[in-house]
Each structure stands twice: as C-alpha cells, then as structure tokens.
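Sequences are here, hints too, so could you generate the full structure?
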Amino acid sequence: MSSIIGPLLVYFAAAIAVILPGYGSAKVVGKLGQTATGILAEDPSLFGRLLILQALPGTQGIYGLLGWFMIMNQSGMMSGNTNISVQQGILFVLAALPVAVIGLLSAFHQGNVAEGGMALLTKQPQASGNAIVLAVMVETYAILALLATILGALSIAV
Amino acid sequence: MSKLTIVGLHEDRADVLDALMKMAGVEIIEDKSGSESARSMTYASNLDMRARLKRAISGLSARFPEARHIVGKKLLVSEEAFVITEEDETKAQKQLNRYEALLREEEALELSLSVLHDQREQLMPWVDIPIDLTVRNTDRTTIIYGVFRDTTAFDAFERDVARDLPLASAFILEEDAKFPAKVAIVTIDEQLPRIRARLAASDFHEIPDLPFTGSASDTLKDLDEKVAAKEDELRKVQDELREIAEGLSIFMTYHDFLLVRSDKAAADEKIHATHYTFFLKGWVPESDAERVTRELTDRFDVVCSIKPPEEGEETPVKLKNNRFISAFNVILEMYGAPSSQESDPMPVLAPFYMILFGMMLSDVGYGSMLVIATAYMLFKKKVEGTMRQLSSMLFISGIASIIWGFIFGGFFGDLITVVTQGKANFPMLWFNPMDSPTQLLLFSMVFGVIHLFFGMALKIRNEKLKGNLMGGLGETVPWYLIIPGLGLILGKGSMTSDPQTALLLGEIGKWLAIAGVAFALIFAGHGIRNPFKRLLKGLGALYGITSWLSDILSYSRILALVLATSVIAAVVNMLGMLFGPTLLGYIAFALIGVFGHTLNLGLSALSAFVHTSRLQYVELFGKFFEGGGSFWNPLRRRTEYVKIDREANKSFSDNQPVEEATRP
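So the sequences go chain by chain: A and B.
All residue numbers for the first sequence refer to the numbering used here, where the first residue is 1 and numbers rise by one.
All residue numbers for the second sequence refer to the numbering used here, where the first residue is 159 and numbers rise by one.
None of the hints are false.
For the chain B half of the interface with chain A, some residues (derived, Cβ under 7 Å), not all of them:
# : residue
1 : 492
2 : 714
3 : 715
4 : 718
5 : 722
6 : 725
7 : 768
8 : 772
9 : 775
The hints are simulated quantities; they were obtained by calculation from the structure and are not laboratory data.
The structure presented is a predicted model; accordingly, all values stated were derived computationally and were not measured.
Glycine included, C-beta positions come from ideal geometry on N, C-alpha and C.
Below is the structure:
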C-alpha cells in the first residue's frame, strides 16, 4: 500500500505545480485579451504592445510546467522509477507548494497591473516600456517561488 | 549643449525656420504656451488633408501590389522634388479628389452589378419558355406567370377554378409537367381579384418583377449586355485607380510636405516677434554650434549668440556613443532620459544588456534564429526608426545568445542528444545548467554583483561631476569591500576543496568586510562635523545591506529563465520523438520541432528582453540613475513616407549625418 502512496504524492505534487499557475495564467491572459480587443477596436496600431502586456502573466503557467518537470525528473518518475517512500512524496508536495500558490496568486496581481498598463497605452502609446516594467515587478515573486520549488525539489534525495 | 539665440529680420523668419529644419541641429526652446493658437483653420485643414492622403495611401497599397512596393520602403526624394509649388499642390489635391470620386463610382457600379446578377439568377429558370413575357394582358384578360411547387396544390387550384371561376384557365408551360412547374394562368379581368386571392392561399410563386424585354432568353441577353457594359465601366475605373496607384509617390511626398509644413507652423508659434524682427532661442550641441551659426549668418541677415548653459541648468540630452553601444539606446528611451547633470549610463547598460540577455536565452539554435530574423529586418528590409533600433539591439543580443549557448551546451535544448538517441551530445564549454543549477545560481549572482559594481562606479562619477567626490566614495567604497568579503565568507566552500585555502579565503573575506564597515562608519557621513551624528549616519548607511541582498537575489531570475528556455526546448524535443526513431517519427519530429521551437523562441526571447530590461531599470539604475531629463529633439523635417536625399543638394552636404529616426 505504502509503495503506491509515494508515487501518487509525487504525481499530485507535479500536478498542482502545473494546474494552479496554469489556471491563474489562463484566466488572466483571457481577461487581458478581452480588454485588448476592446482597445483594438479603437486603435488597431496598438496590437504589438498590447500583445506583450497580455503575454506577461502567461509566464506563471510556464513556471508551473517547469516545476512539474523538475519534480518528475528529480523523483525519477520520468524514467519510470516508482520506488518512492511516503516521506519523500510528502516532501515533493511541500516543494511544489511555492510555485503552485504564488504562481496562481501572482498571475492575478500581475494581470491587474497589466490591465492598468493597457489603459495607460490608450492615453500614451509611447509609455509601453514603463507599463511592461511595472507589470514585471510582480513577476519577480513568481520567479522566486519557482526557484524555491526547483531548489527544494533538487534537495530531496531519491 | 549650448544655448543659441537668433535675432533676425521679420522677412527672413520663414526662411530661417526652413534652414533650421534642414539642418536638424537646434531644439527650439518654448517659453510661451502657443499650442492652443496653433489649432487654427489651416491646422485643421492640414490635418484633414493628411488624414485623407493617409487613407488613400493605405487603401491603394492594400489593393495594388505595385503600390505596396512603393510604400514598403521610404521613398528617396531629392531636395528639389520636395519643394512643392502651389501648382503641384493643386495637382495632388485634384488627384486625391479623383481617387475618392473613383472609389465612390466603383462602389456604385459594384452595387448595380450585384443587382443585375441577382435579376439574372431569378430569370434563369424561365429561360426555356419561348413566350414573350412582356405581354401580360389583352383587352379583357390578364395573364399571370408563376411556379407551382407541387402537384397537389396545382390540382386543388385547377379544381377550384373549374368549379367557381369558369372564365379562367391554368396551363402548364412545360411539356413533361414536372413539379415544381411553371404555369400561366389566364383570366378575365373581372375575376382577377378572386384569382389572386385563391393563388395567395396556395403554394404559388409569381414570376419576379424584372425589366422584361421579350421572352426570358431575350431578357437574359439584354441583362448580359447591361452586365458587360457595367463591367467594362468598372474595369475602366479600376484601371484608373491602378494608374493613380502607380503615381502614389505624389501622395506620399505631398503628405510629408504637409507634415513638415505643420511642424514648421508649430515651431513658428514658439518664436517671439516684433513688428520688424523676430527672436528665438534653442539648444544646439556644442560641437555643432559654430557650424549652425556660420551657416545662418552666411545666408541671412541674422545675429546669433551662443552661450553655455547656466550652472545647474537642465538641458536636453544627446547621447554620444559608438554604434555598438547606441544600438541599445532604445532600452534607455523606454525608461526615460537621464538628467543632463549626470553621466551617460549607456556604456554600462549596453554590454551588460548583451551579456544578461545572452545568458537568459542561452541557446545556439535560438540565438541563430534571432540573428537571422533581425539580420533580415536590418539588411534586406532595411527597416527604419524604432524597429531598426530594436532589430539591431536584438541582433547583437542574439550573437550573445549563441556564445552563451556554446558555453552551456544548448542547441534547441537537447536536440542533438534526442535525435541521435543519446549517441552524440552538443559540446559545452563550461557546464550544463540542468545538471548543476546551484552553480549557475551562484554565477548569476556573481554577474549581478559585477553589474551593480559598474553601476556604483557611475555613481562615483556622478558625484564627482557634482563636485562631491568624497561623498560618492564614502557611499560606495564600503560596498566594494563588504560584498566581496561576505561573498568570500559564504562561498569559500564552493570555491576550493582544500580546507586550508578555504580557511584563508574566509579570513580574507572577514577582514574585507570589517574594513568596509569601518570605512562606512568613518566616511559615510562625510561633511558632518558632529562625530556622534557622523557615526549614526554610517550605521544608517550600513542598513543598505538589505537592499543589496534583494538586488543580488533578483539576479537569480537568470537561472530560472535559463532553465525555462532549455526545459521547454527539451519538452518539445521529447514530444517530437514520441513516434520513435523511424522515418515517420522524424517527419513528425520536424513538424513538432518547427512549431514548438518557434513558439519557445518567441516566449523565451520576450522573457529575456523584459527581464534584462528590468535588471537594468530597477537594479542597475537604482544604484546611480537620477533621470528627469529629456532627449534632445531638434527641429527637423519629420517625414513618414519619404526620405529626403541630402546629397542631391550640395549646399547642405557638409552636414554631419543626423539620425533620421522618428521618435514617437
């Protein structure tokens, strides 16, 4: 029985690393897309700048995938190893938490900044650089969480 | 920058402005607000005409490939060709009016054509009936043509007519009497309302009301003639439109001419004038000041005076750097201009932008794709303005990506390993970040520290420019000692395996850090006499360690982005190889690879661009940048579609090349 629980926990850890940030990114990128289409109706020339702003909160989803990969790789389950103890499984779940939770939440917050940036572009198209940088400030915390997950997963001996 | 004052005669005012625009060497200082009065009638009509020209140009270039060819690149016109007389102006306006009239004509023709086609369509079923369809009544009778959908409706109708309306009859016009059938109903006029009422109740469709000229086939012929005539007319209109498209350069030149005229009018608003003279002030780069003065006094009756800006006066900023460094100007422009009182951040920003971008997108394959794409933009399409700056910046950064790709051994991730089933690996010069991420984390931060140290060097230079060298050193030198000291203490273990050396390194680090702290306590409060306050100021400065910690940690994003690039590339390769190393498998691999790697390049290059910018703006600039300046924006002929060829006019050929890019 315990031989099943270990691998299950690793799968669970890898899954939440993808699901939560992915959900956050998808939701926010979708919302920004709606805002962008509204602006494009007025001024189609802004497309390139709006696209960048829309893409910014999409990185959390990528970080989630990266977390998934790190967990699957470190646990050896990518190459078929199922010999994982319950304790190791729990550690992997804990290691997945930073990117899962912060990835989800930071996507929402970054989305709010990016949406403000889009509104800024309608008034001042040349301020796109500033809008991007303001949105990227939020992403720092997703990156730090990803690093915590990566380094955490790597520190688990399998 | 020097301040240039020009005083001249009223009659020269327009010519002097023209000359200044051609030279593109002076930014006029605005010291009365005249933006409102600039919105006069001429301004409005100029704007309106420009909008119409723009619509015409984009409309024509969207339709005719020959016009698209003309608009694709900036049109080179000589100085002479850019002088547009009133006559040319009327000609261009006439041409524009003609274009707009043709568009309306075309629309009307297309509408009537679609009506004719519709009528043709409706007539088609009747084409076999050889009856003259114009004959619809005699003296006492009326004929109704139409279609019965099915036989039951027709039978019921015929039965009812035979019973109630004896002076009417229905004939099926086709021999084989197949339903739906064309039918002619002949009735005496008195019964017509009742027949109509009966027909309305059954499944009967009367022949549409068309301009009949005889039998259906005759009418059809007539319609065809009409269609041909209209089509002929349409072709003529379109030919004329094509002719206009071929002469599109008139519109382009005229548009830019109007733009220059509008800019000139706006500049004119900034000039002070009396009844006989005018007077304007502007910023001119020191190196150009004499040339500008000479040229103006040679040609016009003007008096110029040049004086340096007053102590501490904020002037516009013009960056002077070589081509490599100025390729990165676009990054600084996105942030904002430095103050004229501080040193140029570009010599530090440019090389580090290249290095950090290269690290984040460290892949030989992706770097090459980026280099090829931007080289195409630069050398083949010859893009202009901001696009050119961005392309040359990404071109250089792409080369850095290739170099870092060799260092970390990345070629589209692990493409070589996957394709050869592990028989061959792409060689790496240093280490693989996937295998030893901690090592890369360490080096990311080391690069960050070096980056920040260069930023602090600029801080010292800025303080020196302000005459406060000692204060600048007091703020920076402690960190030059403390950070390496702490680095040695924390990292001694990973630098050497020999415990004796490690101990020694730790000892060196400890004393470096202590020296740094001591330096801060003594010199950070430079200029403060009260020793107690001075000590407190030093302690306060040491609190800055927290900001240093977060700045350095921020560079850990390099590791995250390196891993993101290579992991996604590895996932693409893994998906591609799902079908195994067979012929079919390799075809699938190529398809998935092209799609996936292009997508990853887009995502990773965007991330690298954005995050490298952030490291410059937040971490580097935080160490020294004051900002609040504005970029020097000389009065010049701003053009959108044409490029004025200076060589064609020798009187200004001694001008040094001035940046043509239009800044938004």
